[in-house]
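Peer 1: Residue numbers (our numbering), protein chains in the order written: chain R, 67 to 377; chain U, 67 to 377; chain A, 67 to 377; chain E, 67 to 377.
None of these hints come from the bench; they were simulated from the model. No incorrect hints appear here.
For identical chains, the list gives no copy identity; a pair is met inside one copy or between any two copies.
When the alpha-carbon atoms are kept at most 25 Å apart in a straight line, the in silico SDA-like pairs for lysine to any residue are as follows:
{"no.": "1", "residue 1": "Lys349", "residue 2": "Gly89"}
{"no.": "2", "residue 1": "Lys353", "residue 2": "Gly89"}
{"no.": "3", "residue 1": "Lys371", "residue 2": "Gly107"}
{"no.": "4", "residue 1": "Lys349", "residue 2": "Asp200"}
{"no.": "5", "residue 1": "Lys349", "residue 2": "Gln134"}
{"no.": "6", "residue 1": "Lys244", "residue 2": "Arg223"}
{"no.": "7", "residue 1": "Lys142", "residue 2": "Ser163"}
{"no.": "8", "residue 1": "Lys320", "residue 2": "Val305"}
{"no.": "9", "residue 1": "Lys122", "residue 2": "Gly351"}
Number of protein chains: 4
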Amino acid sequence: MSTFNASANGVYLITVTPFKDNGDLDLASTDKMIDFCLESGVTGLTILGIMGEATKLTADESRQYVKQVLARVQGKVPVIVGASAPGFAAMSELTKSVMDMGADGVMVAPPPTVRTDDQISGYFDMVNETLGADVPWVLQDHPVSTTVQMSTGVVLRILKNSPNCVMLKHEDWPGLGKLSAICAAIQKGELKPTSILTGNGGGLFLPEELLRGANGAMTGFAYPEMMVEVCRAHAAGDVERAFDIFDAYLPLAKYEQQAGIGLAVRKHIFAQRGVIASAAIRKPGPKLSALDIADIERLTIRQQKKLSALN
Amino acid sequence: MSTFNASANGVYLITVTPFKDNGDLDLASTDKMIDFCLESGVTGLTILGIMGEATKLTADESRQYVKQVLARVQGKVPVIVGASAPGFAAMSELTKSVMDMGADGVMVAPPPTVRTDDQISGYFDMVNETLGADVPWVLQDHPVSTTVQMSTGVVLRILKNSPNCVMLKHEDWPGLGKLSAICAAIQKGELKPTSILTGNGGGLFLPEELLRGANGAMTGFAYPEMMVEVCRAHAAGDVERAFDIFDAYLPLAKYEQQAGIGLAVRKHIFAQRGVIASAAIRKPGPKLSALDIADIERLTIRQQKKLSALN
Amino acid sequence: MSTFNASANGVYLITVTPFKDNGDLDLASTDKMIDFCLESGVTGLTILGIMGEATKLTADESRQYVKQVLARVQGKVPVIVGASAPGFAAMSELTKSVMDMGADGVMVAPPPTVRTDDQISGYFDMVNETLGADVPWVLQDHPVSTTVQMSTGVVLRILKNSPNCVMLKHEDWPGLGKLSAICAAIQKGELKPTSILTGNGGGLFLPEELLRGANGAMTGFAYPEMMVEVCRAHAAGDVERAFDIFDAYLPLAKYEQQAGIGLAVRKHIFAQRGVIASAAIRKPGPKLSALDIADIERLTIRQQKKLSALN
Amino acid sequence: MSTFNASANGVYLITVTPFKDNGDLDLASTDKMIDFCLESGVTGLTILGIMGEATKLTADESRQYVKQVLARVQGKVPVIVGASAPGFAAMSELTKSVMDMGADGVMVAPPPTVRTDDQISGYFDMVNETLGADVPWVLQDHPVSTTVQMSTGVVLRILKNSPNCVMLKHEDWPGLGKLSAICAAIQKGELKPTSILTGNGGGLFLPEELLRGANGAMTGFAYPEMMVEVCRAHAAGDVERAFDIFDAYLPLAKYEQQAGIGLAVRKHIFAQRGVIASAAIRKPGPKLSALDIADIERLTIRQQKKLSALN
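Produce the entire structure from the sequences given, and follow the hints as far as they go.
Peer 2: Now the structure itself:
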């Protein structure tokens with residue numbers, strides 16, 4: 067059983083939130099998806115992120131969903147909940163609520179309003195104050211969605227000032243140089259041990275990132291087993307195999323990373339794989355066209371051939 | 067007693083949310099502030115907007131605050147509640163909750179993610195679906211905060227497609243030309259009657275906007291009586307007096323419109339006028355320096371002299 | 067005769083670029099405008115900025131215009147040329163060209179691509195390298211147009227690293243606190259003497275900024291004499307008179323600051339005052355409507371009355 | 067010999083601009099690179115785009131570079147020159163200059179300031195006026211760099227209003243749906259024949275885009291022969307082979323698409339392949355680390371193995 071702390075590694079999967087065709091929360095599919103994730107070998111779960119359609123849930127539904135996930139996971143892996151919020155009152159309320167239910171920690175990204183180094187760093191001082199002494203948390207560095215550019219120096223500053231921040235979700239772009247610099251700071255003892263999981267482009271740089279010193283991935287993908295196997299091959303010292311596995315999935319992974327329709331692709335494949343009952347997305351959300359579905363089919367067949375050739 | 071419908075006019079004041087020095091919601095000051103607003107002659111109130119620190123309240127506090135305001139207003143003027151939300155579930159939840167408590171309508175601005183004419187217009191189709199047939203609402207056009215640029219054509223399209231949208235809060239910048247075009251469309255019968263209230267720069271263009279056909283203002287200012295008197299003078303046909311009153315307040319109004327510290331200025335003056343007990347702002351929020359306070363003092367004394375000269 | 071160095075003060079006027087009705091560069095009006103500015107008492111001129119429609123000139127026209135201005139000014143006041151450019155080759159080329167013609171310095175703002183403190187500061191290291199040891203320059207801090215947010219710390223860092231940067235054009239918003247902090251750093255000797263001219267909202271905070279320690283204004287306005295007189299009254303210790311003069315012009319200054327049509331308002335008034343022959347703006351550019359012109363007329367008459375009452 | 071008109075297809079390669087280690091323009095490498103491109107089978111060239119470091123050249127250097135390219139190409143394929151500019155005077159000047167030298171057309175993207183459908187469409191009316199009746203041009207739709215979101219409707223409107231716009235460089239993201247809609251409009255005769263070349267993510271969706279109806283690619287990549295072969299396989303009806311070739315190059319193509327360091331990767335590989343003498347990039351620009359170079363080496367070896375297995 068893995069724990070959510072600074073030595074966490076492997077794959078923290080960012081899950082989708084299953085809905086029925088009529089738009090209702092699908093709790094049966096939630097159970098099935100959790101089982102699927104655990105069987106895939108993920109070492110953690112992150113829920114209620116952007117890709118979890120968090121903003122499309124009512125407060126009641128959020129609570130219900132978190133409860134369902136936690137009940138099904140039964141502590142087998144840590145569960146992290148997205149807690150970025152426009153205000154600290156809501157962040158505090160949500161955090162207290164999910165920690166009371168049994169979540170292992172929360173994840174926070176900076177709001178688009180902070181821009182300078184001091185503003186960003188000052189914001190996370192307030193986050194620390196808000197979360198308090200007992201909540202371990204993940205710092206999310208994702209400029210593409212937040213528009214906030216955190217220099218390596220600022221990331222280090224935040225991590226130094228945040229005793230309970232045990233993990234960095236690194237998804238700056240391009241990020242390999244930044245990743246190397248942060249890992250070097252840890253290695254040299256300039257920074258406390260911190261788990262570095264990467265999410266760049268839905269894991270599109272995973273094998274390269276592991277070589278730079280990342281401890282694993284935190285992102286979503288319709289084939290979580292790919293990320294698990296890449297991490298395992300890397301950990302076993304078989305770098306070429308890590309790349310071989312990765313390359314087999316790359317064309318579909320790339321297709322799933324299309325901004326705007328990525329979530330629809332992921333849910334479509336999950337539904338096809340029987341992981342969830344319906345690919346329904348709540349409004350506002352994209353719909354796949356027949357051509358999109360044909361693309362996915364072609365890429366899936368090609369992927370299966372490559373995987374067969376691999377094994 | 068004024069009603070919230072397409073013939074609304076005068077001043078819908080955007081209120082602050084009073085806190086105690088210790089950061090708690092200050093319900094006694096809320097009552098006092100409501101009384102002050104009603105005595106000032108406002109014809110409506112808008113609560114839980116950006117200037118109302120809405121995002122810094124917990125869900126419980128929001129409900130408590132709305133309840134308190136509605137109880138004190140006793141239906142003397144309409145009360146509108148800000149309902150912009152990152153998702154429709156939250157928008158629906160909040161709207162249902164405040165309408166059940168007795169609010170008169172809600173106000174919705176587009177999210178920063180919609181950019182093209184079709185995306186913007188499509189978004190408000192979903193807003194209409196979300197709010198349903200029974201909730202009258204205000205369309206807020208405020209590019210400075212939303213980054214969404216709605217052309218005159220798009221505003222007209224949304225208003226045409228939205229049977230329950232009875233009011234436009236116009237605060238595009240520069241907006242006089244757009245305002246004239248929208249008012250002309252109503253005059254020519256190309257658009258159903260719609261109340262047009264303006265908020266540009268905290269009312270910094272109020273007398274000019276009334277001349278273009280606006281029906282009044284929806285914004286905040288530490289001296290709501292200025293806006294009330296400007297609207298009354300304009301309605302009475304005394305354009306020069308409308309400008310005279312306005313000009314007396316302009317230097318302080320301008321000072322209060324500084325991005326970032328405006329709310330602190332407004333609460334400081336409200337506290338000094340005895341409208342609220344404390345000027346406290348919840349984090350993250352600005353604090354006035356001694357020099358800022360000296361500026362306000364000087365401008366206040368000068369304002370009083372000008373007002374004396376006027377009457 | 068004033069010099070462009072760290073002790074510069076007063077009003078560096080940002081000029082418009084006069085065109086004929088047919089769109090050609092109007093050199094006769096250029097001469098007239100320069101004479102008008104000098105008679106108004108400005109202590110410097112800044113040309114080829116955004117409000118000078120710099121990007122709408124061909125390279126030849128730019129050279130011709132700079133030459134004409136310099137020839138007419140005859141060294142009576144310093145002339146600064148806007149040299150912000152998407153690349154250093156163009157910045158270097160333009161700077162060399164205008165300095166050879168006799169300009170006194172250039173002005174540089176950061177490009178929108180730099181975001182973190184280090185990126186911003188690093189950019190200006192390259193600016194220093196590009197401009198070389200002999201070109202005095204102005205640092206322009208204008209987030210509204212550049213989207214670059216420079217903290218006080220970053221501004222101080224750039225000024226410390228830039229031996230030839232003798233002036234800061236301060237137009238952050240809200241900027242009074244930042245202005246106070248920078249002036250304090252100079253006073254305490256933490257920063258070399260630097261001329262601080264302000265441009266906020268076209269000078270909309272000029273009397274307040276002078277009180278905070280600014281040395282004058284660098285901005286444009288159809289009535290430069292207002293800024294000159296405000297600076298003089300302030301320098302003479304008559305703060306109330308500085309505000310009195312300012313307040314008389316404020317309604318029109320505010321009107322001229324409307325984003326999008328401001329330049330059209332300024333050129334319209336200049337044309338009416340006989341400063342330039344035509345109010346023509348090159349495409350893409352705004353046009354005033356009959357209602358806009360009526361607004362300006364009303365505000366002008368009111369302004370004249372206030373000025374008469376003042377003197 | 068291919069012509070630049072509405073039936074253009076294949077690969078219009080976006081070239082880099084070669085510099086010597088000392089930063090000077092490298093005209094010998096320019097010749098070598100042109101020869102390499104022509105031998106690779108490209109059907110057109112696009113120069114002085116963002117990836118061509120256009121903004122880092124002086125006006126003289128730009129002219130010299132265009133002249134050198136045109137002299138070497140000798141009309142074997144069309145040469146398009148990037149002409150996006152902050153103002154129409156510069157656009158007109160540059161266009162006239164390069165067309166006089168013998169370029170086949172120019173490419174124009176909208177400036178970040180246009181936002182609404184009408185603003186975007188109106189901007190291109192002025193582009194048409196600026197370019198005049200004799201200059202064929204390419205419309206570049208690249209929201210990632212311009213921040214301008216053009217709906218399908220707006221793209222069609224611009225193409226309809228622009229008699230000399232013969233080509234669309236499609237690189238919206240996600241763009242497959244938009245691409246299908248535009249191709250359908252041409253097929254149905256709702257839009258005149260127009261060449262649609264795609265550039266998404268440096269060609270990361272090329273085989274999918276060809277299936278949607280694109281006529282080829284306009285983008286840069288260190289292995290232009292990949293794009294040429296993919297287009298040929300697709301044209302020959304061998305869709306699976308198009309994907310096979312593509313997949314072999316995808317890991318390196320993905321690596322080269324990293325925002326910020328992509329150009330450095332491309333120039334590094336070009337230098338290693340002997341296409342240019344130096345990988346030098348003018349400031350401001352990224353530098354590859356030893357780890358980056360090791361990544362490229364590994365990916366290159368893996369790519370060679372896959373290509374061997376293919377043939």
